[in-house]
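Residue numbers (this note's numbering), protein chains in the order written: chain D, 140 to 824; chain U, 12 to 87.
Just so you know, the hints here were simulated from the structure itself, not pulled from any lab data.
The structure presented is a predicted model; accordingly, all values stated were derived computationally and were not measured.
All C-beta atoms, glycine included, are put in the ideal place defined by N, C-alpha and C.
Any given hint could be a false lead.
As the list claims (entries may be wrong) - Derived CB-CB ranges, DEER-like:
1) 78/U x 703/D: 48 to 58 angstroms
2) 432/D x 33/U: 20 to 30 angstroms
3) 13/U x 393/D: 39 to 49 angstroms
4) 280/D x 33/U: 22 to 32 angstroms
5) 393/D x 75/U: 19 to 29 angstroms
6) 806/D x 75/U: 49 to 59 angstroms
7) 390/D x 33/U: 34 to 44 angstroms
8) 78/U x 824/D: 50 to 60 angstroms
9) 16/U x 814/D: 44 to 54 angstroms
10) 75/U x 573/D: 45 to 55 angstroms
11) 399/D x 64/U: 15 to 25 angstroms
Spelled out from the first residue to the last, the chains are:
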Amino acid sequence: MQPTSVENSAPHIGTDNRPAYRDASDTRAGSGPCVVALLGNPNTGKTALFNALTGFRRHVANYPGVTVDIARGPMRGASRPIELIDLPGTYSLAAAAPDECVACDALHGRRPELPRPRLVVVVVDASNLLRNLYLVSQVLELDLPVVVALNMIDVARRRGIRIADDRLSDRLGVPVVPVVATQPRTVAPLVRAMESSLSSPASSPAARRPLPSFPAAGSPDEVRARYRWAQQVLNGVVTRTEPASPAWSDRIDAAVTHPVAGLVLLILVLYGMFTLLYRGAEPLMHLMESAFAWLGTQVAGIVPDGFWASLLQDGVLAGVGGVLQFLPQILVLFFFIAVLEDCGYMARMAFMVDRLMRPLGLSGRALIPLLSSFACAVPAILGTRVIASRRERLITILIAPFMSCSARLPVYVLFIGAFVPQRAWLGGAVRLDALVMLAMYLVGIVVSVPVALLLRKTVFAGSASGFLLELPSYKWPRLRTVWQRMYLAGRSFVVRAGTVILLVNVAVWALGYFPRSTQTRAKMENLRVIHAWDEATFQRELAGAYLRDSFLGRLGHAIEPAIAPLGWDWRIGVSVIASFPAREVVVATLGTIANLDAGAAEATALRDALRGMKREDNSEPLFTLPVALSIMVFFALCAQCVGTLTVIWKETGSWRWPVISFVGMTTLAYVAAWAVSATARVAGL
Amino acid sequence: MSLAKLPSRTRGRVTRVRVDHDLSRRLMEMGLVEGTEVQVVRRAPFGDPLQIRVGDYDLSLRTSEAELIDVTRVRG
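Bound-form chain D, shown alone (with noise of 0.2 angstroms):
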């Protein structure tokens, strides 16, 4: 396998694949920093750890075929060059599908993207060790020196639970180190445990006292041993008073839960997302509209009308707006993951809505992402990082796009505020225009569900993954981690996805441009002679004659055939086509056609153009409200998004997934603009 996109790649070091423990006692000079694995259950504070560590500097990469990224960085305060791999939370080494264990690969050098590490720190929750010494049971049989960083200590004596970690040491035959990771001052011992757990042959697996010889693997039989080892190891070393504090932790999670003040409190906290996710990341995305659109002119100033100028305005300058605009969202959905997440409060939304989302055959962590589907499917896809199970991540994956998404909404409020007839009932309170729209919003919802049914029986068929989730204790969320997440996010984004969007950016830009004949110039200067026409109605006419002459052009009357049934010409052909850059821009496509100047393409000036547009054949309206509702239709259902389909092909690491989305939603959306507009010529409207 070959990595899709490895950002940032870590100097290649230590990818021998020889036993750790020859290389703990390898002292030679210039052999590279050595590698070490943190390992850890989720809600350990492993990342937390990490960063303590590192401080703060990482870099992530994504593997093919893995869903989660997997942070590395260089440690800090060591003697020598230690480079720290920060692999996924997980509860057991036994995963139930091999691709499932990323950590498991990572640590038995099966991936060679990832050297094998030279010392294992397994991160365990202070508060509750016995499920966490489950997962050091299966860490101690891997032929790796082992550290055991006993976390959130704090948390545990204010909990009343003692733990007397020098025993612990002695009975796992390993290092065990109390830290606060949250407290990076408190890292120094481990930091010096783990050097010395490099560079002394006593810390070797050999030389370590072996475990029981467990039951076959995969026995239940095998997990009872465990865990009945586990607590024969605790014996004696976990020792309980009453809690120093009372358990203010429960008491948040009675009101949170609540049947009533819990679900208000949820609704609450998903308005407020949703608002700032659709309307707060709003100024910024015209911030930065503006700022490129004053870009745009500079270019302009500087570089004579033509060819470049167009390729650096509207080509290159244009697509990278067209990468940026997705980033304020996507920082504004990762502030709101990285907040609920950090504090504990997604486990409880996920409990909570659970029920809701079955019927999709989900469960309620795919709420999040689908949520903000309405406002984006590109920070959504990005944000179904949340769902663990890889299986139902697909499928919201999959569904997410159908939501409708803010990039639709001009499209929609186009077409009915030209086409639907303004008709109301009960005084005003209904109306039919707001009708129309609720519409639109509900088609991609109701499809959803049989399609999400449909991949769950047919791709996605198996075991069922269960809703099996820890509801880790509150605590305050972190501005630094928090910070950190939506850099990632956003970071992340623009590196991988950004190169593919502004490509085909630019190369819809050249289907639109060129040819650019000679003869199509010398046509419409005919024709400014004849007409009398000023500069700016001949640059008008002059951008739509060339638009219409362009390949792009050619390519809508090619489709024509094709979209003919639906009641659309060529140049709807065309402007669909162009909007696969961005929804939005069929608005601006359909403006140009038009013959409208680009800038001053205002709403109204739009609308009276679009109703005038004749048909080339028989010159009747070319829109209608069948074609209209259509379009809206084939809008809400279609997957014309480069943004979405990147970002699906990077977060899925396949190129088939976009594919298919792709061709499904495009077939659906066709098929179902066929059938409103049949429908509606039937009923006469």
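Using the hints, position chain U against chain D.
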């Protein structure tokens, strides 16, 4: 008695875990093995899933998953 039937706020001890289900192993790996003390903390607002306390931590699981686990009540 199945864990799904254990009333909220009462404690129980796991007596048996059905091992023939796809999720059995994962349930056991999360600590739901024979002898473990569990408590149903609450049910979600729509009646399902359940929040249970397994030893020192809280776990959410669906009723259908809780039915794989038999418990006896623990007094006190």
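Please list, smallest to largest, the hint numbers that this structure does not respect. 2, 3, 6, 10
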